[in-house]
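Chemist: Listed below are the residues making up each chain.
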Amino acid sequence: MFKRSDDSLIRQALDGNERAWQQLVGRYQSMLYCYSLRLMGNADDARDLLQDVLLVLCRNLAQYRGDSSFKTWLFGIANYRAVDMLRKRKPMQDLADVSDQLCDDSQNQEQQLDTVQRQQDVRQQLKLLPPEQRLVVELRFYQQFTFDEIAMQLAISSNTAKSRFYAALDKLRPQLEVHDVEQSANF
Amino acid sequence: MLNNQQIFEAWLEGSISDEQCARQLTPDSDWYQRFVSAQMIRRDASAPLFEPVPDIDTSSMFRQQWGHQRPSRGWQNWWPQLSVGMSALALIISISPLQLQLQSGALALSWSQQQDEQQLSTMLASFQLEQQKYLQQQLAISQQQQSSQLIMLKDYLSENEQKARRSDMVELVEYLNQQRQADWQYWQDNVQPSQARLNYIPTAQPSRDSH
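Protein sequence lines correspond, in order, to chains A and B.
All letters in the first sequence, in the order written, are residues 1 to 187 by the working numbering.
All letters in the second sequence, in the order written, are residues 188 to 398 by the working numbering.
Hints in this document: simulated from the structure, not taken from any laboratory.
There may be inaccurate statements among the hints.
Said to hold, decoys possible - If you want the footprint, here are the derived chain A segments under chain B, 3+ residues with CB under 8 angstroms: (1) 6-16; (2) 63-77; (3) 128-137; (4) 152-160.
To be verified - Label-pair ranges, simulated between beta-carbon atoms: (5) Lys171/A with Pro235/B: 25 to 31 angstroms; (6) Lys3/A with Ser270/B: 18 to 24 angstroms; (7) Leu128/A with Trp266/B: 55 to 61 angstroms; (8) Pro235/B with Asp7/A: 25 to 31 angstroms; (9) Asp170/A with Leu189/B: 28 to 34 angstroms.
Unchecked claim - Taking lysine to aspartate or glutamate and the EDC-like style, the derived pairs with C-alpha atoms no more than 16 angstroms apart in a straight line are: (10) Lys171/A with Asp217/B; (11) Lys162/A with Glu196/B; (12) Lys162/A with Glu200/B.
None of the values given here were measured: they were computed from a predicted structure.
Cβ atoms here follow ideal geometry from the backbone N, Cα and C, with glycine treated the same way.
Can you build the whole structure from these sequences, using the hints too?
Modeler: Structure, rendered in structure tokens:
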């Protein structure tokens, strides 16, 4: 079967076709949840963010004009809601539960353990970043948006997005260096 | 010549490889460390994360927001399906022996190929007969026209010939008259005086003899 475009699904959903809506949600739900999980750091907040984003999406679906890709528009909503939620929230909770879930599935294999450990360390470092910087890193690396798209989503200039990105890399550097040294020492 | 930021951004966009970027950024430790950090995050981003998505009731969300529009606009969704259906039916009728005929005000769908063939052969035979009749008729008309034209041509030619002969005769008579006139004139001018002179008997001749 051919894959319907996002625009086509949106049109049908606006006509009251629930199946098209479900198909559209199914296409981005997993991506949004992983995004939420990385940004919020725990499953409960990630779930809340996902629900919030889907609710806003549903309410504002008719406002999508097709000026940018649907993914860019959707992540614009998600970013706004995420920043809002991060500001309201207490200081960052631990990301251990996410890593634990990953560890449970792969603890028998050493290589996978190493990969999981590395992922865990990277995410631990990412969660120490200020929300604005973490968001830019998330959008650039995990969602593959360009700096121009990020700037559009966050309503900032492309240069501001870049400066937040490089500031984030500079802040991560000492932490990751320590981790590398520790890893080398273990060998 | 690219600066270090451009080299780094080229790597981010995937224009240059990890090795090329590392080699070019090695002299500048700040940019090299940024590259190493970015490489680690990218590696993490490329690793798949299979998290079970929590069950969120998007159906009620949708029905609450957009569901009420369905009854009012639902009928429109049938039009494309109906159109596709009608097109498919037309295609089937056109490529199959099915026939849609209007007979005494009613549409009839028939599937008889043999009947069609018989009808076709009958129509062909009647058409052939009609053509033969028409050809014969045309042949007779053309023969009749040809004979009448020949008669007209003969009349025309004979009339022309008579006219030509008559004018020739007139010319001949005229010519003869002119000749006669000329002869008469000549006779008057030359012959008649000469004859008159020959017939003349002079009266003075005897006196000359008496001398």
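Chemist: Taking the hints in turn, state whether each one holds.
Modeler: Here is how each hint holds up against the structure:
1. 6-16: holds (count 4)
2. 63-77: Three-residue rule not met by the stretch 63-77 of chain A, so violated; n is 0.
3. 128-137: Answer violated; 1 residues pass the 8 angstroms Cβ test.
4. 152-160: violated (count 0)
5. Lys171/A with Pro235/B: 25 to 31 angstroms: holds (26 angstroms)
6. Lys3/A with Ser270/B: 18 to 24 angstroms: holds (23 angstroms)
7. Leu128/A with Trp266/B: 55 to 61 angstroms: With Cβ atoms ~57 angstroms apart, the hint holds.
8. Pro235/B with Asp7/A: 25 to 31 angstroms: holds (28 angstroms)
9. Asp170/A with Leu189/B: 28 to 34 angstroms: Violated: the Cβ-Cβ distance is about 21 angstroms, outside 28 to 34 angstroms.
10. Lys171/A with Asp217/B: holds (12 angstroms)
11. Lys162/A with Glu196/B: With a Cα-Cα distance of about 10 angstroms, the restraint between Lys162/A and Glu196/B holds, given a limit of 16 angstroms.
12. Lys162/A with Glu200/B: holds (14 angstroms)
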